[in-house]
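K.L.:
In order, the protein sequences belong to chains A and B.
Just so we're aligned, residue 1 is where the first sequence starts under this note's numbering, counting upward by one.
Just so we're aligned, residue 112 is where the second sequence starts under this note's numbering, counting upward by one.
Just so you know, the hints here were simulated from the structure itself, not pulled from any lab data.
Keep in mind that this is a model prediction, so the values were computed, not measured.
There's no promise every hint is true.
Stated by the list, open to error - Subject to a maximum C-alpha distance of 25 Å in a straight line, what follows is the list of computed BS3-like cross-link-like pairs (lysine-lysine):
(1) 57(A) - 70(A)
(2) 55(A) - 71(A)
(3) 71(A) - 57(A)
(4) 55(A) - 209(B)
(5) 57(A) - 209(B)
(6) 70(A) - 209(B)
(7) 55(A) - 204(B)
(8) 178(B) - 3(A)
(9) 18(A) - 53(A)
(10) 113(B) - 178(B)
(11) 71(A) - 204(B)
(12) 53(A) - 3(A)
(13) 204(B) - 178(B)
(14) 18(A) - 55(A)
(15) 53(A) - 71(A)
(16) 57(A) - 221(B)
(17) 55(A) - 3(A)
(18) 209(B) - 178(B)
(19) 178(B) - 153(B)
(20) 167(B) - 53(A)
(21) 209(B) - 3(A)
(22) 71(A) - 3(A)
(23) 18(A) - 71(A)
(24) 204(B) - 57(A)
(25) 153(B) - 209(B)
(26) 204(B) - 113(B)
(27) 13(A) - 209(B)
(28) 113(B) - 209(B)
(29) 57(A) - 18(A)
(30) 178(B) - 167(B)
(31) 209(B) - 167(B)
(32) 53(A) - 153(B)
(33) 204(B) - 3(A)
(34) 71(A) - 178(B)
(35) 70(A) - 53(A)
Claimed, not checked - Not everything, but these chain B residues come out facing chain A in the computed CB check (under 8 Å):
(36) 192
(37) 208
(38) 209
(39) 212
We put the beta carbon where it would ideally sit given N, CA and C, even for glycine.
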Amino acid sequence: DVKVTQSSRYLVKRTGEKVFLECVQDMDHENMFWYRQDPGLGLRLIYFSYDVKMKEKGDIPEGYSVSREKKERFSLILESASTNQTSMYLCASRGGNQPQHFGDGTRLSIL
Amino acid sequence: QKEVEQNSGPLSVPEGAIASLNCTYSDRVSQSFFWYRQYSGKSPELIMSIYSNGDKEDGRFTAQLNKASQYVSLLIRDSQPSDSATYLCAVPKAAGNKLTFGGGTRVLVKP
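Bound conformation, chain B alone (with noise of 0.2 Å):
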């Protein structure tokens, strides 16, 4: 099993819609999750941090985590076309500074 997974897309919404992504992680005791965007050809920005379990909610995105199911997902609603990108999960390594990427879910969004 991977460390971290994501599923690749494309995830196709049309404008308006909610588009939703997930990621599951393997390692129980991870405290923080991340999310970034990185458009094609660009650095990975980080848009979403989540700490704890519930929902945290930040303009048109909302980061949803459950520790106990091992999963963190992100919403996006109204989606734009701008919003088209790649979106990464990234979880830490319990021992250590470093974050585990998921491969990305590539979405696209469609006027």
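In isolation and in its complexed conformation, chain A is listed as follows (with noise of 0.2 Å):
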């Protein structure tokens, strides 16, 4: 089974941090997404990336940056919290043709 593994399910952090979330999938899939989740508002592309270094803009990625170092690790940047960001963020993999895998969440709280 595919393992994509987030690194906090929960995280509450202030106006203005440098915020970092980490994703970790384990299938040697080649691309690897951001997406937010807010109530009544769906789904939403952040980032997403198809090789190692390699990312390109989703439908919402001001404020936000990313980084693919190696392979199985993709990582979100909230370069300067704001309130606005409070939501959940899902981390998702996919190799070719094949369905997508999101990792369990993480609810992160701007104070």
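Given two chains presented individually in distinct reference frames, assemble the corresponding complex, making use of the accompanying hints.
P.N.:
Structure, rendered in structure tokens:
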């Protein structure tokens, strides 16, 4: 089974902090994704990566950056956290034409 | 027109009945289709993949694909209260490796 592991289930940070969300997958998938999900807004793609050191902006990249130094790890960075970034963050990975698999999610609160 | 459309619901069904969920998509060249189930506060989990026209059955779930009409449906037979969740339809974008998700259909199974 595909395993996508997110480093934290719950995280509380303060405005202005730099926040790192980590994601690791164990299936050698070339594609990895970061989404946020808010009530009534569905899944929104922040960034995705199709190879090591390669990235592409999604629908809502503002205020975020990403890093993919190794194939199995994809990090989401909130450069200066703001209260409107309080959300559920979901990491996913996908290989070829196969389904996408999600991690358990990180519920991030910015105070 | 949205790329992937679902009725948001809620779809209320009595226990033991069949729940029927529909999803329409706009990209005619899409080749693979996925259904995810998401419980409140949890991440989406894959329940069905379908790649060719017709029906695919897995336990109490049946996915139906009609590429000519550009819709994919999900039937849940003998619905149980534990089936109460939001069901997301996902379709790959024509170019690249991203999936487009519908907004989801909320299903409520009443005992």
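K.L.:
List, from low to high, the hint numbers that the structure doesn't satisfy.
P.N.:
8, 16, 19, 20, 27, 32, 34 and 36
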